[in-house]
Every structure is written in C-alpha cells, then in structure tokens.
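A.B. asks: Please build the complex by placing chain B on the supplied structure of chain A, with the hints as guidance.
2 protein chains.
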Amino acid sequence: MKQWDTVAIVGVGLVGGSIGLALRRRGLAARVVGVGRRASSLRRARERGALSAATTKLARGAADAELVVVCTPVAQIVQHVREAAEYCPRGARITDVGSTKAAIVASLAGGRLQRDVSFVGSHPLAGSEKQGPQFACEDLFQDRLVIVTPSRRSRAEDVDAIEAFWRALGARVVRMTPQAHDEALAATSHAPHLVASALAAATPRKFLPLASSGWLDTTRVAAGDAELWRQIISTNRTHVLKSVDRFARMLSSLRQALADEDQEEILQLLQAGKRHRDSVGG
Amino acid sequence: MKQWDTVAIVGVGLVGGSIGLALRRRGLAARVVGVGRRASSLRRARERGALSAATTKLARGAADAELVVVCTPVAQIVQHVREAAEYCPRGARITDVGSTKAAIVASLAGGRLQRDVSFVGSHPLAGSEKQGPQFACEDLFQDRLVIVTPSRRSRAEDVDAIEAFWRALGARVVRMTPQAHDEALAATSHAPHLVASALAAATPRKFLPLASSGWLDTTRVAAGDAELWRQIISTNRTHVLKSVDRFARMLSSLRQALADEDQEEILQLLQAGKRHRDSVGG
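Here the protein sequences come in this chain order: A and B.
Note that my numbering gives residue 93 to position 93 of the first sequence, counting from 1, and the numbers run on in steps of one.
Note that my numbering gives residue 401 to position 119 of the second sequence, counting from 1, and the numbers run on in steps of one.
Treat the hints as calculated values from the structure; they're not laboratory data.
All values derive from a computational prediction rather than experimental measurement.
The hints are all genuine.
Partial chain A-side listing against chain B, Cβ under 8 Å, derived:
id : residue
1  : R237
2  : L241
3  : A259
Pair ranges (Cβ atoms, derived):
id : chain 1 : residue 1 : chain 2 : residue 2 : range
4  : A       : E261      : B       : A341      : 31 to 41 Å
5  : A       : Q179      : B       : R319      : 47 to 57 Å
6  : B       : Q413      : A       : Q131      : 34 to 44 Å
7  : B       : E329      : A       : R38       : 53 to 63 Å
Backbone N, C-alpha and C fix where the C-beta goes; we use that ideal spot for every residue, glycine too.
The following block holds chain A by itself, in its conformation from the complex (with noise of 0.2 Å):
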C-alpha cells in the first residue's frame, strides 16, 4: 500500500513537476495528477515520468485528492487553493510552495476551510532561476529544507501530515509562523533577488562583455521570471523593504570608508561580510 493513493498537483513546472518525479519514483503515491493551464507543459511532465494523469480542470484534477500541493505563481495561489478545496474530497489536505506566505495563509482563514479541508502552507527552499518540468529532477527536494507554515488555527495532524509529505520527499522540515518565514526570507531571499536586479540592471551594456564568475554568480538570480519575482517581493513588501534598507545602510557604511580612504574600517567591513559567508559555506 502507498503513502498516498492520489496526489494532485496544480502547476507542473520545475517545482511541481519536481514533486510528481519523486511521489512517482519513490512509490509514495498510487495516482499523481497534474492540473495545468498548458497542454503542452502537461505533456513534457508525462513523458518526464512526473504525473500518470492530466487535466487542464482544477475541478477534475482535485476530485480524487487526498492531497493537492498547489504549485502555481504566489499572485494564483489563494485562487487555487479555494478552488480545489472546493472539489476535494471531504477532509483533503492542501499544501503550496510559495515564496511568502503570510498573505497567502491569511486570506485563507488560517487555513480552516470548508469540509474539514485543510490548508498548511510550505515553502520548499529549492529551485532554480530555471523554469519549467523538463528541468524537474526527483532529487530536487533531498536533505534541502522546507519550511511549513501553520498558522494558529492549523490543527496538529494536518500539520503533521504536511511534514510528513516533505520528509518523504527527503527533505528537512523547518516550522514557522507565516510572519516569522516572510521576515527571514526576505533577508536571505527577496532582498539578496532585489539587489542582484538591481546589480545586473545598472551593469553599463558596453561593459557585460567583461563580466566574469563574480558578476555571474552576484547577479545570478536575476536571471528569475521578472512577473514571479513581482509577485514575491510585493506580497512581502513590508519586509523586504526593511531588509533593503538594512543592506542599503550596510553597503552605505562601506562606500563612505572606501571614500573616506579608511582602510581600517573597509578591511572590517569586509571581514564581517566574510564571516558571514564563511559560516553558511557552499
């Protein structure tokens, strides 16, 4: 008997299509089936192995689910979330993967919804700049951490249930609130994307052609959806702009050393930045 006997997922791009990789080569799940807006992204993660069905109708897709981990951009995921828990089976689980998730946790009623359905965010720390099921991989969720996001209305098991589903994936599990995962993700996610944007964008053209590792992989993430990313920073606003402004202050206190020519207090400046880095390593 598997873990699971049907599992939908609900955007079958690299993150989604990921998910069905490993429910499906790990044996964890009887059914796995994608929902998607595309035909063809549909069918790339068929022949990928990723789902043994597809539809384009939320409604279809849910209707056998016991759980559905919604994997759509932020900007939809509310959307799809009550949608499913509309055609769900009676006390189905739903889960997402989105960047933030306070807002998304709050406009579901803490995530109590009708039919003894049950909403627990999450927000597996994998992915890429890259997009779309042919980079899925089944591997993309082992030893990365995700953080699952209760909120105080989330009853135990269905938290429990949502943890166990990324364990099986092999994945460490962080539990959060949803405030306290959008103040930490701004600083180590949505700010650090801000400033590569920025970095990349103000790069003078006549210059790109001399960029080598450093400028690669600084600016890295800009290379993300520029319409996801929207979606991200501004579903987190208040925080993001709060680590910005801890950066800009930071990148500030350096500028005036370099131009104050205080060699003492950039190698300081440099070293704290070192430590920091040293310490996550990777």
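C.D. replies: Structure of chain B alone, referenced to chain A:
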C-alpha cells in the same frame, strides 16, 4: 625548442600555480621558477608539478628569467616588479595578474624600466574566492579573457609578447588602456564585490541557517580574502565609488517602486536586470 627558456612566477597561489602548471603541462617553458615568501606554498606548488625550481629570493628567481609573471597581491606588485627588473636579464619582460591596472602602470613609469626591461600589465579574468596552489589547475585560463593593458610608452613587441604568452595558455586576449580596464572592472567586478560583501554582512546571523542557493550565489565572492579585496577597491577607488553609486541609484528606484506599490515599474526594473543577465548567460 620551447617557446620560453626560463619563466619566473612571483607568488605561487591559485593563479601563479595555474600559470606554472599550464606552462609545464603544455611544454611551453624549459624552466619554471617559483618565487614565494613561504616555503610551504612553494613546496605545495612543486608537488602539484607547477614549478621546476623554487626559491624564496626574488633576486635569485629572476636571475635567468626572460619572462617574469608577478602574481602577488595588488599592493605588492609595483615593489615586486621593481625588484624583478633589477635582477632579471637585460631585455627581459615582466607582466602581472593584478585586478587593478592604472595605479600600477603609472607607478612603473608606463612600463619602460631599466636595461630595456619592460613591464606590460595583464589581468586574467580567472580565479575564484579560493586561494592557494592546491586549487591550481592547468586549464584555468582556457577560453578565459585576459585583459592586457599597455601604456602609451609600451613598445609594440613587448605588448605582442605578453599577449602571445596568454594565448599560449589558452586565453582570449583583449587590449585596453589601464584606465579603461579599471573603469570597466569597477562595474563588473569591484563594485559587485562590495555589494556581495555588504549583503552578506547585512544578513542577520539568526537568518543565515535559512540561506539557500540564491543567497549563496549572490554573496559567493564575499568569501574572498578581505585584505586582497581591500587593496583592489582602494587602488581603484574613484571608479568603484562611481559604480557603487550607479548601483545604489538603481536599487533605490526599485525600492521606491516597491514602496509605492508601482507594480508596472517594479516589473520593468526586474525585466531590465533579467535582460542584462540573460545577455551574458553562464
């Protein structure tokens, strides 16, 4: 007959060690003499096969060299070039691998030294945040860009010889004035380094365990040696300040658009960053 008889490498870290490995594995030099301060680095470089001889005395290492490549930190390059010029054979050629060029070339009287010894500056766009001959690699320069920066006083045959040296190591060569080099590299390397350092330093320690691939990429260069980078940005201060200010203005526009919830403007700025990043690839 080899392309060079004796090449001396002053400073056998990642870059110097890789030059030695490339020269020897490609059969380009009869002798590669390493000059270093620490016997342990010289020993490691010899063990890697990067050197045929090693000494801690620059006077001795340069004595028979028709080509001297100075691979020491930016702040020491001028001194090491002067010492090499004093002890090397008449008519020998000297180059370096420093990340800034204008201050070095100016300090060396445009590269016309005593006894027909010449200096022509170079900057290979290779290397990484890693240091030491243990990371040396004979293909470090393969298909990489090397910027060669003659002054108005440089002789054509000296410039050609230094360019031929880098091409023999597999590199593509671009010729620029020292000033044009420093302006461009401020934008593509030195300012990005300050941005990455400030971002790493500004990320609150308590959130670091949640850093994932985006943060790791964006801050990677901040792991570089702080003192080496202090020297680089300090010797290219004016251009770096200008590039940092250009970046700060772009970030400020993006921040303001987010604060104003001007979704169209946010999207356009993110798209501008993506266009620059996509145009470079990699």
